[in-house]
Amino acid sequence: MTALLHWLPLLGVLVVVVGFALRFNPVPVVVLAGIVSGLAAGKSIGDILALIGNSFVSERALLLFVLTLPAIGVLERAGLREHARNWISALRGMTLSRLLIAYLGLRQILSMLGLTNVAGQAQTVRPLLAPMAEAAAEQRGKPLDERERNDVRAFSAATDNIGLFFGEDVFIALGAVLLIQGFYSQHGIELEPLQIALWALPTAIAAFVIHAIRTVLFARRMAGRSGTTVPALRSGDGENSERC
Amino acid sequence: MLKIEHAYWLIALFLAGAAWLNLRERRWSHAGFWLVLAVLVGGGKYVLDATAAHHPLPAQLAGAGVIALAVLSPRMKRGQLVERDASEREADARRLGHRLFGPAVLIPLVTLLVALFGAYAVIGGVRLFDPVRMTLTGLALACVIALIAALWVTRAKPSAGLAEGRRLLDTLGWAALLPLTLAALGGVFAATGVGAAVSDLVRMMIPVNSALACVVAYGLGMVLFTVIMGNAFAAFPVLTAGVGLPLLIHLHGANPAILGALGMLTGYCGTLFTPMAANFNIVPVALLELPNQNDVIRAQWKTGAVLLVVNLALMYCLIFRF
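Top line first, the protein sequences correspond to chains U and V.
The first sequence begins at 1 in this note's numbering and counts up one residue at a time.
The second sequence begins at 245 in this note's numbering and counts up one residue at a time.
Hints are computed from structural coordinates only; laboratory data are not their basis.
Hints are not guaranteed to be accurate.
For each label pair, taking beta carbons as the anchor points, the in silico distance ranges come out as [what the hints assert, rightly or not]:
#1 Leu5(U) / Arg447(V): 14 to 24 Å
#2 Leu113(U) / Ala440(V): 29 to 39 Å
#3 Pro375(V) / Ser44(U): 18 to 28 Å
#4 Val315(V) / Leu22(U): 11 to 21 Å
#5 Arg98(U) / Asp444(V): 27 to 37 Å
#6 Val18(U) / Val460(V): 24 to 34 Å
#7 Ser185(U) / Ala549(V): 24 to 34 Å
#8 Asn453(V) / Glu192(U): 25 to 35 Å
#9 Leu194(U) / Asp374(V): 19 to 29 Å
Just so it is clear, CB atoms sit at the ideal spot from N, CA and C, and this is done for glycine as well.
Model the full structure from these sequences, guided by the hints.
Structure, rendered in C-alpha cells:
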C-alpha cells in the first residue's frame, strides 16, 4: 500500500504525456496534471490550490518579455520588419549562413557574460533576426514560398535557443552554475563556481560547431531550392539535399 | 529606487489595458483572460507575503485564478486582428530607414548598460536600481525607453503603444502563459514527490556496478526528466540526488564539478526536444506565426541529439579521470 502511494504522483506525469500526445490545449493539461499529482499525493484541495497559486506567482518574471511588445508593435506598424529585410537584401556579402552563425556566436558570448536577457525570441528574433534571415535566404534565388519562409523562421528561433542554452552555463555569477554549487553544498561537497563553469566550455564549443555545420547545410538547402530558374551558385549545391 | 516589483506593476497595467481593448470589442474570453492574469501578476507580492505570514487564502485564490485561466485558454482563438496595410508599412520603412532600428536596439542596449553599470548608479546616496534581479529591471526600463523612442521616431500616437502591443499579445494568446503554468507545475511536482519516484525508477532499471550504465542512465534520465518538466533546473537536483551522488560520485568516484556541469548541459539538450519548454519552443511558434506547434523543435532537435551524444562521451571520458 505504501509502495503504491510512492508511485501514485507519477499519474501527473502521465496526464502531461497523454495531453501533449493528443494535442489538447497545453494550459489546461498542465493545470490538470498539477491537480492530479496533488490529489495522488494525498493533499487537500485547499493545499493544492495554494501550492499552484504560490508556484505560479513566484515565477511571474517569466512574463517580463511581454513588456517588449508595445515598442516592437509600434515599430512593426512603421515597417521595422520590412526595413530589416530590405537592408539585408542590399548587403551583398550577407548570406543566410553567415548571418545565423554570427548571431549564434554573439548570443553564446553574451550569455557567457551573463547577458541572457539582452536578446531573445521577443526582443530580437521576431523583429530583427527572422526578417533578416528571410531576406538573406532570398538574396540568392527566387522568393521563399510559405513553407520555406516558415523553415527559415523556425531555424532562426532554434539558433537563438542554442546560443542561449550553451553559453549560459559558462557564466559563473547566476543561474545554472550557482544551482549546481548550491546543490553540492547542501550535500556536503564544496566547489568553486569557476571549477564548474570551466567544464561547460567543451560543450559550448561543441554546440557552436555542430549548429554552425547544420546552419551551413540548411543554408545550402535553401540556396539550392527546387527552382530551376536559379543558376547553380557553387559546385555541389545541387547534390547536397541534406534535410535539416 | 527601481525594483523588479515596478516591472510587475507595469506588466499588470499593460495586461489590463489589453483586457480593456478586448472588452470594448466584446471578445469576452480574451478580456477575462488578460484581466485575471493582470491581477495575478500585480498581486503576486501580496500573495507571497501572505503565504510567508501563514495566510493561505490569497494563495488559494491565486490558484483558483490559475484554474480560471486554464478554463479560458481553449476559448482563445487566434482571431484576425487588423494589421496596418503592407504597402503603407513598406512606404514608412523606406521613409524612416535605419531610424527604425534605433528604438529596437535600445532594448538590448539599455538592458546591457543596466546589467553592467546599474550597480554604480547612485543618486543622493540612494541606489537607482535594486540589486535583486537588476538585469530584469533593466529590461523593463529598456522597454519603456524603447517605446518612447519608437513613438517619437514614428510620430505615432501614444495610444498606438497599447493598441500594437495588444495586437502582438493577442497573437501570442495562451502561449504567453504556458511558461508560467509549467513553472507552477514544477513546483507542484517537487512538492508531491514526483522527482523521488522518477529517480527510483531509473535506479531499478540499471546494473549499478557498470560505470558506463550509470553515466548513460544519469544523462538520459536528465534528458527524460527535462523533457517532462520542460526545465533542466528542475531535473538536476532530482537526478543528481537520485543517481549522480550515490552511484557516480560515491560508488564510482566521479568528479562532482565535471559531473554537475555536464549533467546540466545534458539536460539542456532535452530542453531542445520538448514542448514543455514553452518559453523557448512554443512562444516563438506563436511570435513567428508558424503553422505547427512543433516547428521550432523540428528545426533544433538534430543539434540537440548530436550534442547529447557528444556530452555523454565527454562525461564518460572526463569524470573518472580528473
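Verification of the supplied hints:
no.	hint	result
1	Leu5(U) / Arg447(V): 14 to 24 Å	19 Å, holds
2	Leu113(U) / Ala440(V): 29 to 39 Å	37 Å, holds
3	Pro375(V) / Ser44(U): 18 to 28 Å	39 Å, violated
4	Val315(V) / Leu22(U): 11 to 21 Å	18 Å, holds
5	Arg98(U) / Asp444(V): 27 to 37 Å	49 Å, violated
6	Val18(U) / Val460(V): 24 to 34 Å	27 Å, holds
7	Ser185(U) / Ala549(V): 24 to 34 Å	33 Å, holds
8	Asn453(V) / Glu192(U): 25 to 35 Å	32 Å, holds
9	Leu194(U) / Asp374(V): 19 to 29 Å	27 Å, holds
This entry does not satisfy hints 3, 5, going by the numbered hints stated previously.
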